[in-house]
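Chemist: Letter by letter, the chains look like this.
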Amino acid sequence: MNSDDHLILEFQAGSQEAFAELFERYRDPLYGFFRRRLENPARAEELTQECFLALLRNVARYEPRAGFRSYLYGIAINLVSADRRKAGREVAKDDAAADPPAHENTEATLWVRDALRRLEEKDREILMLREYEQLSYTEIGGVLRLPVNTVRSRLFRARMALKEQLLPARDEA
Amino acid sequence: MNRSAQHTFEPEEIMAYLDGELEPQRASALAAHLDHCAECRAVSAGLRRVSDQLAAWEVDATPERLSANVLKAARENAFRKSPAAGVRAIKPTLGRFDAVRNWLRPRPWAWALSGAVATVLFLTLTVSVLRYRGDHGIASSHAVGYKTWLETGSGNVPGDGTLGKLEVKKEAKSRAPAPPPITDQRSRVAPDSNGLTHGIGDHAENAFNVDGQASSDQASTFQQAPMIARTAALSIVAKDFAPVENTVKDIVARHHGYIGELNTSSPKDAARNLNATLRIPAPQLDGALAELKQLGRVEQESQSGEEVSKQYTDLVVRLKNSQVTEQRLVEVLRTKTGKVHDILEVEREIARVRG
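If you're matching them up, the sequences are chains X and V in order.
225 is the number that this note's numbering gives to position 137 of the first sequence; each next residue is one higher, with no gaps.
1080 is the number that this note's numbering gives to position 309 of the second sequence; each next residue is one higher, with no gaps.
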């Protein structure tokens, strides 16, 4: 199986199949990334599309410095930031933990969204990149331009804050 | 949090351990500690519960039309000479992402530097697949990962499928350190209770940070910049053991490296292990790392760097001196006439200088 980094280099060399494979791998994760950060599902879809288009447009300048995932989520983070700036602070606040469709409004989901919303923005982003995008500390540092130690300490702080808010039903000590 | 002073591990380290971000030796020690420390186990359980609860937030399915739009853009882009022009024609609004573009701007110095160092990657990879016979009711891959570490790092071999890892770790630990101008990466693959792949940390980017310390756009500064020999260790659990060896060889060949050492073992009723020492040119490090991580789930990874500027400079100076000496001797041979003995002496000296 070809790695992401191998595929992006193949795509850089002109392989459309390589791009199709990358798209297949990251279509759902990227949509999930935007969906959890934006209230509007249509906007999440649009930004997912823009993210892949940015990948297409910039492939000639890609260099394997920090790994493909850091590169891709770096683009995604920038897209979300630009969108929030555009939408204004109030909307951005609401977008911090998006409203899922009604059928997803389970007790657990609501707890997660509320708990995340209470975190400091940077801590929340680090935690989400770790838990949902499964990025390593170094990848998170690359995406957010933070030292790895800072990522680790902030991640710990965020998790401790969430631990205090554990759902009683699930807190089987 | 009240914790007695006798604990050698901070809660934050326990978190890093669960995330697969703890350095291998430290992770082994922590795994052993968790075996007999209820307080640290409670910290660990609390962190896992947080992750489990966060996992409850699932999102709706990706819209189908997304695929059609993006793949159409990719196809149209393929017919144009410039990828940038193609995509811009399809989606002009992308021009506003200047920050992204700047971030993507090539920085040749970083790679030129790593090439100048002329180091190689020293990598040890161990892959294990467990023939699981127990009945651990693991609900998620997270839980599997934690359990594997606890069991394999403890040194206990309970005989119900939690085998093999301790031996692997000892083997990796006993390896001699890489010689100075070498990047060392050691991978150890821990078996999973369900035979699943495990992994820790995907941190090839550390290399970039190290290289980045010597930042300069001036080629002239390359010689003054620190030369970094990088060392890394990987621990991976592979789901399917059979193709791993050939895949490793393919990856090494693709990155112009070679296998320094490769051992496999298949003990009866225990995990199969593959332990390899790979040497790969420094500029290929990140690519090779990334591909190796695709072999399975990375359970542990660490990287370090050692400055080898002095060794590098010594070699360069010695090489230059030898070349100058050779030129002078050749000149003597070409222009001077004399006794056969003297000519032979010069030729012997040339042979010595050329090595």
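Please note: incorrect hints may appear among the correct ones.
Computed, partial: chain V to chain X, Cβ under 10 Å [stated by the list, open to error]:
#1 Pro782
#2 Met786
#3 Arg820
#4 Gln824
#5 Ala826
#6 Ala832
#7 Ala1061
#8 Gln1065
#9 Gln1074
#10 Ser1075
#11 Ile1114
#12 Glu1116
I should point out that these hints are in silico values taken from the structure, not numbers from a laboratory.
From a predicted model like this one, the values you see are computed outputs, not experimental measurements.
Backbone N, C-alpha and C fix where the C-beta goes; we use that ideal spot for every residue, glycine too.
Chemist: All hints, please: hold or fail.
Modeler: Quick rundown of the hints versus the structure:
Proximity of Pro782(V) to chain X holds as hinted, the smallest CB-CB distance being about 7 Å (cut-off 10 Å). Of the supplied interface hints, the one on Met786(V) holds, with its beta-carbon coming within about 5 Å of a beta-carbon of chain X, less than 10 Å. Using the Cβ-Cβ criterion of 10 Å, the hint placing Arg820(V) at the interface with chain X is satisfied: the shortest such distance is roughly 6 Å. The beta carbon of Gln824(V) comes within 6 Å of a beta carbon in chain X, closer than 10 Å, and the hint placing it at the interface holds.
Annotation: Ala826(V) was flagged as interfacial toward chain X, and the flag holds, the nearest CB pair being 7 Å apart, inside 10 Å. Nearest Cβ of chain X to the Cβ of Ala832(V): about 8 Å, under the 10 Å cut. The hint holds. Against a cut-off of 10 Å between C-beta atoms, the interface hint on Ala1061(V) holds, since the closest Cβ of chain X lies about 4 Å away. Hint status for Gln1065(V) relative to chain X: holds, with the closest Cβ pair at about 5 Å, below 10 Å.
For the restraint placing Gln1074(V) at the interface with chain X, the shortest Cβ-Cβ distance is roughly 9 Å, inside the 10 Å limit, so the hint holds. With 10 Å as the threshold, the beta carbon of Ser1075(V) stays out of range of chain X, its nearest partner Cβ sitting at about 13 Å, so the hint is violated. Using the Cβ-Cβ criterion of 10 Å, the hint placing Ile1114(V) at the interface with chain X is not satisfied: the shortest such distance is roughly 54 Å. This hint is violated: Glu1116(V) has a C-beta 53 Å from the nearest C-beta of chain X, more than the 10 Å allowed.
Checked against the numbered hints given earlier, the structure breaks hints 10, 11 and 12 and satisfies all the rest.
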